[in-house]
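**Q** When you get a sec, could you build the whole thing from the sequences and use the hints?
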Amino acid sequence: MRSFRWVPVTLFVLFVVVRAGRIGDLLSTGTFVEQTLVALTFTLLAAIIWLTITPWPEVLSKFFKPFDVRIASLVLGAIMILAVFAPIASGHHPNTQLDLVNGQLLPPSLAHPFGTDFVSRDLWSRVLFGARVSLMIGVLAVTMAITIGTMVGMAAGYFGGWVELVLMRLVDAGLSIPRVFWLLVIVSLWGTTDIYVLILIIGLTGWFSTSRLVRAEVLRIREEDFVVAARGLGISEAGIVIRQILPNVVPPIIVNATLGIGQVILVEAGLSFLGFGVQPPWPSWGTIIQDGSARIIAAPWIVTVPGVAIALTVVSLAILGDRLQTTLNPRDSAQF
Amino acid sequence: MGRLIGRKLFQALVVMLLVTTSTFFLIHIAPGDPFMPDLSVSGVSAERTDQIRRNFGLDRPIYVQYGAYLKNVASGNLGLSFRSYRPVSEIIIERLPNTIVLTSLALIMDFAIGILIGTWQAWKRGSAGDRFLTVATLTLHSTPVFWFGFMLILAFSVSLRILPGSGVVTIGIYDSLTPLGQLWDRIKHLILPVSTLALIGAGSTARFQRAAMLDTLSQDFIKSARARGLSECTVIFRHALRNSLLPTITLLGLSLPVLLSGSVLVETVFSWPGIGALTVDSVQSRDYMVVTAIGLVSAVMVLAGNLVADILYSVADPRARRKP
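Residue numbers (the numbering used here), protein chains in the order written: chain A, 1 to 336; chain B, 1 to 324.
Do not rely on the hints blindly, as some may be mistaken.
[Said to hold, decoys possible] Simulated coverage check for chain A against chain B, where a stretch passes if three residues somewhere in it have a Cβ under 8 angstroms from a Cβ of chain B: (1) 82-89; (2) 167-177; (3) 263-277; (4) 292-306; (5) 309-315.
[Stated by the list, open to error] If you anchor each label on the Cβ, the simulated ranges turn out as follows: (6) V119/A - V135/B: 32 to 40 angstroms; (7) I191/B - K62/A: 43 to 51 angstroms; (8) G2/B - P280/A: 28 to 36 angstroms; (9) A216/A - A227/B: 53 to 61 angstroms; (10) R220/A - L230/B: 45 to 53 angstroms; (11) R86/B - N95/A: 21 to 29 angstroms; (12) G160/A - I191/B: 28 to 36 angstroms; (13) K62/A - L9/B: 29 to 37 angstroms.
Worth flagging that the hints you see were computed from the coordinates, not collected in a lab.
Quick caveat: nothing in here was measured; it's all calculated off a predicted structure.
Positions of the beta carbon are idealized from the N, C-alpha and C atoms, including for glycine.
**A** What follows is the structure, encoded as structure tokens:
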């Protein structure tokens, strides 16, 4: 299967050769966070190339053994690369109205792979730039939610007593209201249009279930022999939390984060669809669906394409999350 | 059993207080109030706006407003809508049946389909059908619910033209129908929104049930049942299925908030006049009183669902009853 690994690299090299002239555009456009993500993806690509030319460690070849995991990584990798290289790969600016007279609601064709929308914007470009927005929100909001959730869960699990009582009732309250409701209230009241505020809000409403998970893990680990031994050796409480407990809750958190990115992408899409998320004219997968919903009979492809993109991304993340679960937490996942 | 319910009810009260408090303060610390944007644009004088604020008690300090609000809620008075000047409880009661019909039918269909598929998959583990359904349920689980609604509308309302894609009844002809015809009209309007919510939910339920069933099937009592020569049917349905349903009952409580979130989106897609669509409307018009009340109502629905799940659990599992 070594040859299989060359596929993404070959595609990428071809892609760069074809579009070489515009690499410069890529690094000169976008906000700071976008450029950071670009840099991260370059690092990831370097890692992929390195793995392609060197023999894989056994752990990795084992991880990528199942067929569905390979497909999921390829799909996710392709979407990430297309998202990062959107300015090069798209061909049009996502908000440019190309031809308001003859170019409205064109069905998919060679010139416009996904067709055009009702103000003649190229849908392929919009979906690519939408991938940028949706993935960025997913990654950053989950990073935030995971950080808060881990801290709250560790505090509740480790200190117990009234700290635990207060924090866990707070989590109960957070979980007993539908998340979309929280988000609708906060986003609309603060009348935000800024994408970073949106990330902040999605992150702030996403940590409840993580903290429950972490608390349960901490409760279990706290009673394990090695923690008792560490305490017996006179290691400080802070040392126990950081050196003994934290490393052991990391694997379930990684799984939780992988699945969480998918959930955030779904939440963001829903919010943008209701008109409270990413604001037009900027595309996110949710806003494109909202745009298309008014023309669903005349131009069904506008609604269809971004939905497929969302489903592909979230399915791939779910497959990778499940795989991480079986690899990292073999004890908790039934081996069938 | 009585103690269990008592304890759960107390916990529910605490959670409800937290929910009311947090939505109240969340809304009141937000910049602006509902009379700022609309009235100043429409040329109403500042004195008049202040007058309206006073009428609704918005000029009092926030802790006084909060105390008054809590007292009102406790006595069942949810206040007046800023927008329509009607009692909030009236508005909600008007919309609630639509949402309850939609979500409860979806919940039943979700679990019926999910449990059936999950059980079958675990029974025929590793078969082509199991592998196909694993991919299918994962895909459903990962699909945006509102997009799925649009796809169903495209298929059944636009292409096939067999089912209506919006509203509760066919406006214009509903009143001229016979009672039976009216019922059929309502059912036809229910099919697509209910299926949207139920199929997306069934994806997760089936995955959960498959895992629970596989876990049960690997236990010793199943081996001993097989060794006793019981038929496969008896083993699966009388021994394994019953035990595997225990974790799925807990899922019932957990899936309610997800279902309500979904109904906000699905009601918007299908122009369904329920609580979800009301949430979007009142949030847009900053109708505080309606928004806080909806928060409370959905928390009550979720907590009631959890209570039912807890009771079902202790009915199904005698061990849970013995725990203090």
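**Q** Taking the earlier hints as the rules, which of them does this structure contradict?
**A** 1, 8, 9, 10, 11, 12, 13
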